[in-house]
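Here the protein sequences come in this chain order: R and Y. Under the UniProt record's numbering, read the first sequence as residues 1 to 204, first letter to last. Under the UniProt record's numbering, read the second sequence as residues 1 to 207, first letter to last.
Think of the hints as simulated: they come from the structure by calculation, not from any bench. Keep in mind the model is a prediction, meaning the values are calculated, not measured. One or more of the hints may lead you astray.
Unchecked claim - In silico EDC-like pairs for lysine to aspartate or glutamate, Cα to Cα no more than 20 angstroms straight-line:
{"id": "1", "chain 1": "R", "residue 1": "K195", "chain 2": "R", "residue 2": "E164"}
{"id": "2", "chain 1": "R", "residue 1": "K83", "chain 2": "Y", "residue 2": "D133"}
{"id": "3", "chain 1": "R", "residue 1": "K83", "chain 2": "Y", "residue 2": "E87"}
{"id": "4", "chain 1": "Y", "residue 1": "K94", "chain 2": "R", "residue 2": "D81"}
{"id": "5", "chain 1": "Y", "residue 1": "K84", "chain 2": "R", "residue 2": "E78"}
{"id": "6", "chain 1": "Y", "residue 1": "K168", "chain 2": "Y", "residue 2": "D201"}
{"id": "7", "chain 1": "R", "residue 1": "K17", "chain 2": "R", "residue 2": "D114"}
{"id": "8", "chain 1": "Y", "residue 1": "K42", "chain 2": "Y", "residue 2": "E198"}
{"id": "9", "chain 1": "R", "residue 1": "K44", "chain 2": "R", "residue 2": "D59"}
{"id": "10", "chain 1": "Y", "residue 1": "K94", "chain 2": "R", "residue 2": "D114"}
{"id": "11", "chain 1": "Y", "residue 1": "K94", "chain 2": "R", "residue 2": "E130"}
{"id": "12", "chain 1": "R", "residue 1": "K133", "chain 2": "R", "residue 2": "D116"}
{"id": "13", "chain 1": "Y", "residue 1": "K94", "chain 2": "R", "residue 2": "E97"}
{"id": "14", "chain 1": "Y", "residue 1": "K178", "chain 2": "Y", "residue 2": "E41"}
{"id": "15", "chain 1": "R", "residue 1": "K83", "chain 2": "Y", "residue 2": "D132"}
{"id": "16", "chain 1": "R", "residue 1": "K83", "chain 2": "R", "residue 2": "D116"}
{"id": "17", "chain 1": "Y", "residue 1": "K94", "chain 2": "R", "residue 2": "E79"}
{"id": "18", "chain 1": "R", "residue 1": "K200", "chain 2": "R", "residue 2": "D161"}
{"id": "19", "chain 1": "Y", "residue 1": "K94", "chain 2": "R", "residue 2": "E78"}
{"id": "20", "chain 1": "R", "residue 1": "K72", "chain 2": "Y", "residue 2": "E95"}
{"id": "21", "chain 1": "Y", "residue 1": "K168", "chain 2": "Y", "residue 2": "D157"}
{"id": "22", "chain 1": "Y", "residue 1": "K94", "chain 2": "R", "residue 2": "E85"}
{"id": "23", "chain 1": "R", "residue 1": "K117", "chain 2": "Y", "residue 2": "E95"}
{"id": "24", "chain 1": "R", "residue 1": "K195", "chain 2": "R", "residue 2": "D38"}
{"id": "25", "chain 1": "R", "residue 1": "K72", "chain 2": "Y", "residue 2": "E105"}
{"id": "26", "chain 1": "Y", "residue 1": "K43", "chain 2": "Y", "residue 2": "D200"}
{"id": "27", "chain 1": "R", "residue 1": "K129", "chain 2": "Y", "residue 2": "E95"}
{"id": "28", "chain 1": "R", "residue 1": "K133", "chain 2": "R", "residue 2": "E143"}
{"id": "29", "chain 1": "R", "residue 1": "K83", "chain 2": "Y", "residue 2": "E95"}
{"id": "30", "chain 1": "Y", "residue 1": "K189", "chain 2": "R", "residue 2": "D114"}
{"id": "31", "chain 1": "Y", "residue 1": "K94", "chain 2": "R", "residue 2": "D124"}
{"id": "32", "chain 1": "Y", "residue 1": "K84", "chain 2": "Y", "residue 2": "D132"}
{"id": "33", "chain 1": "Y", "residue 1": "K84", "chain 2": "Y", "residue 2": "D74"}
{"id": "34", "chain 1": "R", "residue 1": "K117", "chain 2": "Y", "residue 2": "D133"}
{"id": "35", "chain 1": "R", "residue 1": "K17", "chain 2": "R", "residue 2": "E150"}
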Amino acid sequence: MSIFEYNGSALVAMVGKNCFAIASDRRLGVQLQTIATDFQRISKIHDRLFLGLSGLATDAQTLYQRLVFRHKLYQLREERDMKPETFANLVSAILYEKRFGPYFCQPVIAGLGDEDKPFICTMDSIGAKELAKDFVVAGTASESLYGACESMFKQDMEPEDLFETVSQALLSSVDRDCLSGWGGHVYVVTPTEVKERILKGRMD
Amino acid sequence: MGDSQYSFSLTTFSPSGKLVQIEHALTAVGSAANGVVIATEKKLPSILVDETSVQKIQYLTPNIGVVYSGMGPDFRVLVRKSRKQVEQYHRLYKEPIPVTQPVRETAAVMQEFTQSGGVRPFGVSLLVAGYDDNGPQLYQNAKTFLEKRYTDDMELDDAVHTAILTLKEGFEGQISGKNIEIGIIGTDKNFRVLTPAEIDDYLAEVE
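Modelling step: build the complete structure from the supplied sequences, incorporating the hints.
In structure tokens:
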């Protein structure tokens, strides 16, 4: 089993009309054994920027702590929040620093940039960025997620529609992956509010 | 001059509060509603020097410029350091650097050299002019030696005239496009040093 499949994970981010959604599964496992069913994979960097980290859970936690540290320093020095594009560049640079001993994580970054334009991107474990206009996926269930998102995605969805689409895509994909699942965690972010919702799916 | 007995030590202040290691040339600023103007006298050590080869106003980025009064070599060292820091920032964030950052980092370097052993403070005071998301900005690194005169709702051209007039007051000899330098940054966000011909045009308007 590869190191990226040790803990199991599923992550997806999708763009809507002046909003975005980022969702993850909730399983934390040690190979085939399930350890926790309420594991947080998505974290807030600031009110308009969210980061999801799939892959090895210990690296995800450490990487998250380092990024929060860097962002807090940036906020103190520049007296403003980081833009999503800037944050993505920072994550890419930090991952590449460890080019020959990498963090075994695949990040998904989602945020609202200037003029409330939604921004999503993902990258591999050594920082190769992939920008997308519609959706990005990561984790052990990524292949199923690609298929589900491709067929369910529509342009310019309103926040409620977007929530439905992301949830259906996530739940149907993790059902085809034994290492991810046990429910879902969905954040739908608009310029005015952040809605956090827990999904109940097949608990296996 | 009574200050000369205080010029032996790097970090001793003279009775007038100056660090005598610093000599100052004239520098003037003008700040307009939609841009910033910085101007300086170009004092050449001898008439054998080709004035086009001496540049007191330097770019840190396409939208941030800096001018100094004091020791040219010290200025060049600081500009090198700042430019490197600007590029490092760009490599990390791929975002144009806000004006406050190079100012803060340069100030930190200047302070370091007033406290470390075996080095002397930089004999310069800097004026940094730039344009970023917060609009046109102007920062100075040592207030006491500079003369400042500005109104916020001026147009950029008026700011240039004001800067020229300020320089003229302390100027010895004939002022012309060849012995002053003017840098402006306007709404186009690009820092630009005026050519001697353009400076002569402004001078003609001021006379």
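For each hint, the structure was consulted:
no. : hint             : result
1   : R/K195 to R/E164 : 13 angstroms, holds
2   : R/K83 to Y/D133  : 13 angstroms, holds
3   : R/K83 to Y/E87   : 19 angstroms, holds
4   : Y/K94 to R/D81   : 15 angstroms, holds
5   : Y/K84 to R/E78   : 19 angstroms, holds
6   : Y/K168 to Y/D201 : 15 angstroms, holds
7   : R/K17 to R/D114  : 14 angstroms, holds
8   : Y/K42 to Y/E198  : 16 angstroms, holds
9   : R/K44 to R/D59   : 17 angstroms, holds
10  : Y/K94 to R/D114  : 15 angstroms, holds
11  : Y/K94 to R/E130  : 15 angstroms, holds
12  : R/K133 to R/D116 : 14 angstroms, holds
13  : Y/K94 to R/E97   : 16 angstroms, holds
14  : Y/K178 to Y/E41  : 10 angstroms, holds
15  : R/K83 to Y/D132  : 15 angstroms, holds
16  : R/K83 to R/D116  : 11 angstroms, holds
17  : Y/K94 to R/E79   : 18 angstroms, holds
18  : R/K200 to R/D161 : 18 angstroms, holds
19  : Y/K94 to R/E78   : 15 angstroms, holds
20  : R/K72 to Y/E95   : 18 angstroms, holds
21  : Y/K168 to Y/D157 : 17 angstroms, holds
22  : Y/K94 to R/E85   : 8 angstroms, holds
23  : R/K117 to Y/E95  : 17 angstroms, holds
24  : R/K195 to R/D38  : 18 angstroms, holds
25  : R/K72 to Y/E105  : 18 angstroms, holds
26  : Y/K43 to Y/D200  : 17 angstroms, holds
27  : R/K129 to Y/E95  : 16 angstroms, holds
28  : R/K133 to R/E143 : 18 angstroms, holds
29  : R/K83 to Y/E95   : 9 angstroms, holds
30  : Y/K189 to R/D114 : 18 angstroms, holds
31  : Y/K94 to R/D124  : 19 angstroms, holds
32  : Y/K84 to Y/D132  : 19 angstroms, holds
33  : Y/K84 to Y/D74   : 16 angstroms, holds
34  : R/K117 to Y/D133 : 17 angstroms, holds
35  : R/K17 to R/E150  : 17 angstroms, holds
The structure fails none of the hints (numbered hints given earlier).
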